[in-house]
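Novice: Here's the letter readout for the chains.
2 protein chains.
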Amino acid sequence: MGQPLLNPITLFISNPCTSSLSIFIICILGFYTLHYPHASPSPSNSQTALIFRRSFLSSATNATVAAYLRALTQHPHLAGTKPSLDTIHYVQSHFSGLGLQTHTARYNALLSYPLHSSLSAHFSNGSHVDIPLAEPGLSHDGGGGGGVVQPYHAYSPSGSARAKVVFVNHGSGEDYRALEALGVSVSGCVVIARRGGDLPRGEAIRNAEKNGALAVLLYTEGDRRFNQGFERGVVMNGVGDPLTPGWGGVDGAERLDLEDPEVLKRFPNIPSMPLSAEAAGTILGTLGGAGAPPEWRAGVGRVGPGPTVLNFTYQGEKKMVTIQNVFAVIKGLEEPDRYVLLGNHRDAWTYGAVDPNSGTAALLDIARRYALLIHSGWNPRRTIILCSWDAEEFGMIGSTEWVEQNLVNLGSKAVAYLNVDCAAQGPGFFVGATPQLDNLILEVTKKVKDPDLEGSTVYENWLTKNGIIDIQRLSGVDSDFASFVQHAGVPSIDIYYGRDFPVYHTAFDSYDWMRKFGDPLFHRHVAVAGIWGLIALHLADDSILPFNYFSYVDQLKHYKDVLSHLLDGSILLDPLTTAIEEFAYAAKEAEDEAQKLREEESTSEFVMLKKRALNDRLMLAERGFLDSDGLEGRQWFKHLVYGPPSDHGSKLFFFPGVADAMNQAKSTKTGQGQAKLRHEIWRVARAIQRAARSLRGEIY
Amino acid sequence: MGQPLLNPITLFISNPCTSSLSIFIICILGFYTLHYPHASPSPSNSQTALIFRRSFLSSATNATVAAYLRALTQHPHLAGTKPSLDTIHYVQSHFSGLGLQTHTARYNALLSYPLHSSLSAHFSNGSHVDIPLAEPGLSHDGGGGGGVVQPYHAYSPSGSARAKVVFVNHGSGEDYRALEALGVSVSGCVVIARRGGDLPRGEAIRNAEKNGALAVLLYTEGDRRFNQGFERGVVMNGVGDPLTPGWGGVDGAERLDLEDPEVLKRFPNIPSMPLSAEAAGTILGTLGGAGAPPEWRAGVGRVGPGPTVLNFTYQGEKKMVTIQNVFAVIKGLEEPDRYVLLGNHRDAWTYGAVDPNSGTAALLDIARRYALLIHSGWNPRRTIILCSWDAEEFGMIGSTEWVEQNLVNLGSKAVAYLNVDCAAQGPGFFVGATPQLDNLILEVTKKVKDPDLEGSTVYENWLTKNGIIDIQRLSGVDSDFASFVQHAGVPSIDIYYGRDFPVYHTAFDSYDWMRKFGDPLFHRHVAVAGIWGLIALHLADDSILPFNYFSYVDQLKHYKDVLSHLLDGSILLDPLTTAIEEFAYAAKEAEDEAQKLREEESTSEFVMLKKRALNDRLMLAERGFLDSDGLEGRQWFKHLVYGPPSDHGSKLFFFPGVADAMNQAKSTKTGQGQAKLRHEIWRVARAIQRAARSLRGEIY
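Chains A and B, in that order, give the protein sequences.
So the number in the numbering used here is just where the residue sits in the first sequence, counting from 1, plus 51.
So the number in the numbering used here is just where the residue sits in the second sequence, counting from 1, plus 51.
Fair warning: there could be bad hints in the mix.
Each pair may be met inside one copy or between any two copies, as identical chains are not told apart.
Said to hold, decoys possible - Simulated crosslink set (BS3-like; lysine-lysine; CA at most 25 Å straight-line): (1) K639 / K382; (2) K516 / K370; (3) K717 / K498; (4) K261 / K369; (5) K702 / K647; (6) K382 / K661; (7) K316 / K661; (8) K133 / K702; (9) K498 / K661; (10) K647 / K382; (11) K639 / K717.
Honestly, the hints are just simulated from the structure, not real lab data.
Work the whole structure out from these sequences, hints included.
Specialist: Take a look at the structure:
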């Protein structure tokens, strides 16, 4: 793409006065460290820590972030391809150039690439048209030759179909029921669906398959300026390398056979492909048959079948490739065995200016700013690890393999995982978190300047715009936090600016788009880096971990109320009530103890071990929500509060096991279904009790 | 039984000189503590710790142990019965009388009691005889009325049968194959088996059921003086309350239905009962049919079927009862959140003088001796918990419910579990352990006087008698260590003197038997208490945990060699080799670090946190052997190195998943069987790798 460096970029420094002061203090600290190497200024001392946090904030610049993004997005860099290797080296040399200790973790994983595809529409008048299957004006290939990868669905089987077309709206279960009511069957047809309704790609394909369709085309509506874009994406179920479910796919590891039922069940059985909104319009405008249900508001008149016939071919290959995660480690001085992890993926479907390299640029800038702190004498109390994941787009493979490989150590030592994927998609601050981190998020957003409203903090603008502070939860499997939360039970955060950006997974997700639309001044990048890096500084340096479980208690109470409303008294929720009470009691106890210990400045053995013991409880409470048996039929998912429901139509975006049981109970209508549901509610209650016990830390 | 107190009992004090010196030093320490309450002499100081250990050893007396045992065994005290409550109060007031903090944990569990049984033998000459079903000269009842419980198999279904009898040796799979070779079928018959060949009771019943038998009678051969004894016992599969599999059966907890398949699968479907050796002789002497295979060496001429016909009836009831574990807690001063657990069960089939109250008496004496240390100023570094379990005889129910209830906290905080069940069965020292504790056992047995050889230590006599030091492993499910090792991955030890005592589970297991045969001078009790208590002192006070993983490495190498020999090259064991190498490397690294830190006397924050971090690694490495998916079909068993194989005929008493897969591969003889076996070997390799990673403590 080769864009010239955006010039001039305004240096975005918080406040010249504070910043000169900070620099002065840092010099003093640096001198002190140089001359008293063993008496390093411990950031556990709250005054010192405050100075380091201030100097972190004051070292922000948008110019550096922009430069990183530009370098990362020079070429498309799909996971497993040659240009992707260049980004590995870029990130690695950035880290090591800053003097940070770097590592890589390599895995051999089964990825999926396109070989050939074609699509033609044959109209009732006998004419036909070849539908373009790539963005215009760019070189496309299988992803390895330097061009943009041709649009495809990773892990789609190869196949072809020549059949009438049906429009199925989003392709949800409800949509198929609406079609049935119209007397329309998709059996033996090619279906076209538009992405939306939060329905995951894979589920749209599975629904079509269940209803007898031969192939699926998915298009994305949105900004008309980009309606020639194709949304690439993965259609495999679950996360991680399908050949190494539950363990790290390192060199020489056990690998399941491609024909193993455990592997096969993760792939769809009918081929699919993305379609541009423009091409979809061409086809859908020619449909006859029944009229579309008005509630679809689809801008489509009739749904078919036909009379238009599509001739569809897709050929792809699944292939073992090497993927690499890159790490920078800043070893903790007092507690090197406690980890604060900041993670972002590096691989992109195309240029990845938004997804994911706006996050990568922020991560690299945090590295730069942390390195400055180190030069001025800072050593974090706990270890900070910056993680650059590979192959996220193929199902969070890089992060998942690493989490699986390091599960025992993460389970006992990871304080928190902080994720940023698409850092800058547009305006508006969004954040998701496990609830014990809510408070910290609020505190930190009060310290960071809003990128879009002069004179305001992120917190103020966020509150003003929404009226309330809305922190999402992490039940989805749409970024690298999935393994950390849902498999390992590590408290996590996910941060981004803007949402639903129109060039998502298309060839238009470029530095140029970012400069023109996403974040022209790179202030949103800077805000994300500030929040992300500052949260990590607190988690790494605060002598008592800044976790607050009251928020978790409130959240659980709310979930219980929602569930109670949905069940309408058909099942008593007493076990949940009791468990939440126990959890509330534990939260209060922990908070009281935390307040006392925060004020305790002594570094005697007794006090230090007391603090460590309390921190262990704060850190490990989240693990209590894990159940070693996992969700039924999806054992990998161990978290009983946050995880995806099996059926996306579920009204519960928490308690995934309960959500599944509710669905099943609806379809079976037998006493057995109700018994199962009661059992799942018990399992959640016990998980909450475990978390409470873990937080209280008493076994007798 | 009301035996007069054995009199005179020789006071068993190690050495008058050392002991006066110790008492003097203790007085000094006591004074010091009294006057400088905040400058408590830390046992982390190795000199001080040594003095406390010496004074622990010198405070041993056999008189106290004997008195405790006598009090505990006054009445039979079957779990869930009234007299059992008295032992709860006895133990609890002993603990609290010593000034120790006590707790109880109550569970409602499904136990099983007999109501009625009868057995008559009908001979070919037309005569018949009623077989006595209880020990002579004692009052028998359902266990609750103060008498000895009539002989029965807990969880046997009620039922009756009138059929020809067949002798099946131990009733193993091999035995049934031998019968088949003789043309003898047990279908429709009552079988008699003699306990032995390490075959668990439940497995003998299952095998009979599989072969079509209607009922099973089990007798125990042994000392002819006690051949009127009946071996009571449990015939349920698995451990813990069958209604609360995987969670603690506290008041108000979820309980599965009695008809739930998960519950039903744990019970046998045909009735069974114990038989005395005398009664068995009466019946077996009248059998005709085929001659017994000579390799059975059974002292039985012919195996039947018949002509003798047995008329058998058993009626029992399963019943919810309250059980109680009792705890004494000695809170650690520096690290109260690290637990060293000493456990023994309290419930007995009859009087329980050997099983289990010889262990209880030792536990109570340890409590007494620890209380003395506390009075002289000792505070353990870590928390010590003395555990008195209930309902072990019904399937380790008390300990299992507690472990399940406290799994998250035990998982992150339990240093070790030290079990003693039948402390004194006769002469000869026996010990089982997870291998990282081998070294500590050796060191401690070198410090304790041998109870049977004047002037020798336990270690010396042990070595002399056996030629080698043989430490068993904990794959069995025959005492309360099962949940700790096999479900929670806590390093564990099991200690006892003597084995295979002839009055096992009979009404003759009384104080009188102990005084006459088991341990007339109570020196074996004293030796067990000394070893047990001293091991705990090291684990509680040593600043670096006395774990040594070299022994684990050697053990794993040995297992690999055995497996390799059995597989005879049919499967490459490279994954195991690599994993063991990784584990060996980690063991070396940890040991080097431990040696360095042991010498480090500083108590600076850095050093303390370094020690704590290393201790965490040493403690948590065992958890790495757990696999959250557990053994196939027996998910509760999470440990992949130690656990019972499904089929007791297996030659592997380690790697239980591999053992099961080998058995299945033998019977299927297909490629699938081999693939499964390879997969199980991989799982073990990954478990060893996890342990290695946990021990190394690095995640990058």
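Novice: Does each hint fit the structure? Answer for all of them.
Specialist: These are the hints, each one checked on the structure:
no. : hint        : verdict
1   : K639 / K382 : between (32 Å within a copy, 23 Å between copies)
2   : K516 / K370 : neither (47 Å within a copy, 62 Å between copies)
3   : K717 / K498 : neither (48 Å within a copy, 67 Å between copies)
4   : K261 / K369 : within (24 Å within a copy, 47 Å between copies)
5   : K702 / K647 : neither (41 Å within a copy, 57 Å between copies)
6   : K382 / K661 : both (22 Å within a copy, 13 Å between copies)
7   : K316 / K661 : neither (48 Å within a copy, 46 Å between copies)
8   : K133 / K702 : neither (43 Å within a copy, 51 Å between copies)
9   : K498 / K661 : neither (30 Å within a copy, 34 Å between copies)
10  : K647 / K382 : between (28 Å within a copy, 21 Å between copies)
11  : K639 / K717 : neither (38 Å within a copy, 57 Å between copies)
In summary, the structure is inconsistent with hints 2, 3, 5, 7, 8, 9 and 11 from the numbered list given earlier, while agreeing with the others.
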